[in-house]
Amino acid sequence: MTVAVRVGRSVVASAVWLGLLAVAATIYTSGGGAARDLLVQELLVNLVVVLGLQIFIGNTGILSFGHLAFVQLAAYGVALVMIPVAAKATALPDLPLGLGDVELGSLSATVIGIVVAVAVGAVVGVAVARAGGLAATMITLAALFVVDQVVKNWTELTKGAGGLSGIPRLTTNTWLWLAAAVALIVAHAFRESRIGRFAVATREDEIAASAVGIDLFWPRWIAWVVSIAVVALAGALRVQMIGSTNPKQYTLDVGVLLLAMLVAGGMRTVTGAVVGTVVINVGNEIFRQLGDHYEIERLPELFLGGVLLLVMLVRPGGLLGDADLAGWLPRRTAAPAVRRDAAATATSRPTPPVPVDAERAAAETESTAVAAPVDEGVLTATDVVVRFGGYKALDGARVRVRPGEIVGLIGPNGAGKTTLFNVVTGLVAAQAGVVKLGHDDLTASPPHMVARGGLARTFQNLRLFPTLSVRENVELAATSAARFRPDVAAPDVAQLLADGGLAAVAERRASTLDYGSQRRLELARAAALRPAFLLLDEPTSGMSDRESAAMVDQVRATARNLGAGVLVIDHDLGFITRISDHIVVLAEGKVIAEGRPDAIRQDPAVVAAYLGRDAAGVS
Amino acid sequence: MNTFVQTLVDGIGRGSTYALLALGISLIFGVMHLVNFAHAELITVGAYVAYFLSTRGLGWWALAPAIVVSAVLASMLTERVAFRWVRTASPFTMLLTSFALERLSHALWQVFVSPTKQSFDGPSWAFDTVSLGGIRFEVHDLVTIGTTAVVLALTAFVFRRTLFGLSVRAASEDFDAARLMGVRANRVIVGAFAFAGFLAGVAAVLTLMRSPSAEPTLGADPLIKAVVAAIIGGLGSFSGAVVGGLALGLAEVVLRGYLPEGVFERLTDAFVFVLIALLFIARPQGLFTVRSAERV
Amino acid sequence: MLRIEDVTARYGAVVAVHGVTLHVDAGELVALVGPNGAGKTTLLNTVAGLMAPARGHVYFDGRDVSGAEPARLVRAGLVLVPEHRRIFRDLSVAENLQLAGVTASARDRALRLDVAKEHFPVLARRWTTAAGFLSGGEAQQLAIARALMADPRLVLLDEPTLGLAPALVDVVFDLLADLRRRGYTLLVVEQNARRVLQLADRGYLLRTGRLAAEGPGPELAAHEDLFGTYLGDAAEAETADGA
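Residue numbers (this note's numbering), protein chains in the order written: chain A, 1 to 619; chain B, 1001 to 1296; chain C, 2001 to 2243.
To be clear, the hints were calculated from the coordinates, so they are not data collected in a lab.
Just to be clear, a hint being listed does not mean it is correct.
[To be verified] Using 27 Å as the maximum straight-line C-alpha spacing, the simulated BS3-like pairs for lysine-lysine come out as follows:
| hint | chain 1 | residue 1 | chain 2 | residue 2 |
| --- | --- | --- | --- | --- |
| 1 | A | Lys248 | B | Lys1117 |
| 2 | A | Lys590 | A | Lys392 |
| 3 | A | Lys152 | B | Lys1117 |
| 4 | A | Lys590 | A | Lys436 |
| 5 | A | Lys159 | B | Lys1117 |
I would like the entire structure built from these sequences, with the hints used as guidance.
Laid out in structure tokens, this is it:
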């Protein structure tokens, strides 16, 4: 989709939600009473915060407790520049930074509030994005407490636990609805943007994301910063709505309320966030009134904790799961899957073969015509040594794959085949050895750089992006290729799906496919990277003989279309024999034989390695 | 010298509570890969039980064991009612579940008992002073350090010498392999929760001895310190949890005493958290490594 | 003693075992061979109780134990030495063995520890060493000694010679022969097909989750299907040449 289409879809979806909310709000407030107006206002502020949370937590899968800290920073930032000078003179006589003389209008103050929050947020975000996982969550928790402590203790600046009041109450309904609209559009747009899709990939499977060239840091950091900006907007508006701010408004307690709103509907979609916000707000209000009626205090807290627990135990995906309003809007599939300029698309089909050198033309390989590969380099791994503790997994292993060649890597269990793959693709560090693609030394490169360099892989244990559709799995890799491998021709997603027999199931969730289709999907995704080399780790594992035979054809066809070389591990020697031009046999971390398939089958060393020798050493 | 020793004792006193709680958190993480945000709620349970019993006229000789027993039972209850359901869920779900449980606990106390602080009497000797080698100590500090030392020794014994402890250690390393040896999965997990409850109960006694009051959010502050301490030490590592807890307690006291005057002195907690965040960046797995590489 | 009837089992999304039927009688050494990905490990894991069969039943001593917890099977006398050994690296050799005796009384456990020391002098020498520091061969002996601590009647072994040097492979095979002599019933999954089939009373050949052949050990070793199953059929090799 082009940028214009994406933004258009975001605006439309946002407009629909806004419309629904406006109608509901109008009906509700027509019942009369300032209390109802206030509730709608509260709901709108909460909505903006939750949308901000959705942008980060929903898309990266990293739980954050710290966003309220930035709401607080924005609120205090606004307060300190908006409170009239006269009031500040009495309430905050020792204000540092010359703030005592500053008095700004609503718009400037809001901007300043957001800037302050984003500035601090950007720095904290570096730590969060680098750490990932549980460590990132703890860092956000640390941020929450640090800001809380600073605000409570830096009394000259913040008046401590008592908080600030006297902020002009300039937030109107119009501003709130506008903010809600902005938040909705940003949340939708981010989710559909390239960086947003990359963030989602990191959420689905970190290793697979790296394997298609996605750097884990940037999508997370950008998601964080954007989310901070959105929640800061909410903070700035809220403080101008109620006219005061104090640390009690930003505690972990309040955080629960917001998290409950996020997860109750389903955190992975904007739809879920909106529905969850409305449901929880309404429920909260109902319980508040029940509590008032029966004179039970804190009933809403009970409701919230209970709902959160129930959702986690029974339906962790949220009430709506992945149901998404934006997903129902029509997609224009006629347009090319990835935006490219015309010249590049013209070269995307294979051209007649061009022998790279005379030696290769005369070589024993009988592979059929290949396209002129973009990277003319040969993939080599030499003298690789890997030790895990005291155990030597690889002991001077080596392998070489030429462009357009299919090399099979075989050997008994524990021979080190997957370890060799992991060394080549950057997942495992070798103690010795060199990995090169042409002239590029890939030896110590991280997995995403290896992928960008032109090496795509599949995994022994199958790593798809499980909650994304089949199409999206492939599109992500294609988007990554367009961004990080600009020299290669654009991948045709529709064609790749068709080649893999996946066109009929393109819109289904990847995790719902049958096993054989999942394997083919992984291959199609790897191909979407337009790699110079495909590394396939046991692609036929678990397949029947018939499926394995089909896989031979698919791998051959894929490699041919890409003009790529292939290195494949498999235990099904029938498959390997049929597909390989050349076979390398690994045993105990070393190469014990290599050559043409029929020669390998008869090599006594190989037979012994597989079938074993009897007690007399005879095989 | 006097101030130094007193600072040390003060720090270890605080750190002991953190260490006991952190140990419980690390223990549960080891067998379930769950960071239990609801763990410190066991202190709240103990506090209310103590308050309830003291209004019935019972003295501390009865309160102390009651606190510990109630903590054990409450811990086992949380496993049965909530955590058993999410044993195989994602880390995100497990984390939010424990978080939800913590909040629910706060709410339950607030709604069904009282939102206000209920004070009762601590042991009469808690704040007496004792002179040792010319330095004045408060009895509660000495009791805290002494009790913690005994409990840690007991813990070490249980985990190094008993079959149960062996089962927990094995299950933490490789749960399925432990099952194959004949270890019963449920027993190990429930046992871990029970032992963690015992540790939390002791921590509760030591805390309440000093400030005997019960309120719904009593567990909130110790929780964060304990989780942080467990993570600093490396989740799943016993020695790490203990070192992490003690270090945290010392850091708090030392920073408060030795930071420059003015604003910074009041920002002790903030500094501690910044240091911790820096640690996570530098070494996300904590000080003591226990984890093994992921299989690709 | 052990009867597996029409068992179908999954490994993740894959159906790894399709309707396999086999049996092991008391005192036998039965070999289960086949190329990787054939479903052998999944089958053993299912028998040992790590997962329940999707279809079919597992009978031990005539009782249906399909899907029973491993702990119950261990107490009944069925023990698995898993693939890759899976010893507890942070625990010492002694602790590994003690843990494996968890189903026994304290007295029996102590007795069996002494027996283990006697039969595995290699382990006796490394009694208090952390298991993570053991060599491959020592680790395999520990894995087997561990299984014996439960005083089993049937021992399942999943690739006991995996990753071991040839000299150590000899040691392991000697151990297996010794165990059979001492009265243990064994079901062994082995990569070293020829060797284990020579030792075995009977063997089963598994291929892509299904039983491809069965028979007395030495007969199966010479079976025409064996070579083809492992190294690809001749017909397929010809296709590659002619392609």
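For each hint, the structure was consulted:
Under the criterion of a C-alpha separation no larger than 27 Å, the hint pairing Lys248(A) with Lys1117(B) is consistent with the structure, at around 18 Å. Taken as a hint, the Lys590(A) and Lys392(A) pair is honoured in the structure, with Cα atoms around 10 Å apart against an allowance of 27 Å. A threshold of 27 Å between alpha carbons decides the hint, and for Lys152(A) with Lys1117(B) the separation of about 22 Å falls inside it, so the pair holds. Under the criterion of a C-alpha separation no larger than 27 Å, the hint pairing Lys590(A) with Lys436(A) is consistent with the structure, at around 19 Å.
Restraint check for Lys159(A) and Lys1117(B): the C-alpha separation of about 26 Å stays at or below 27 Å, so the hint holds.
Hint check: no violations occur; every hint is consistent with the structure.
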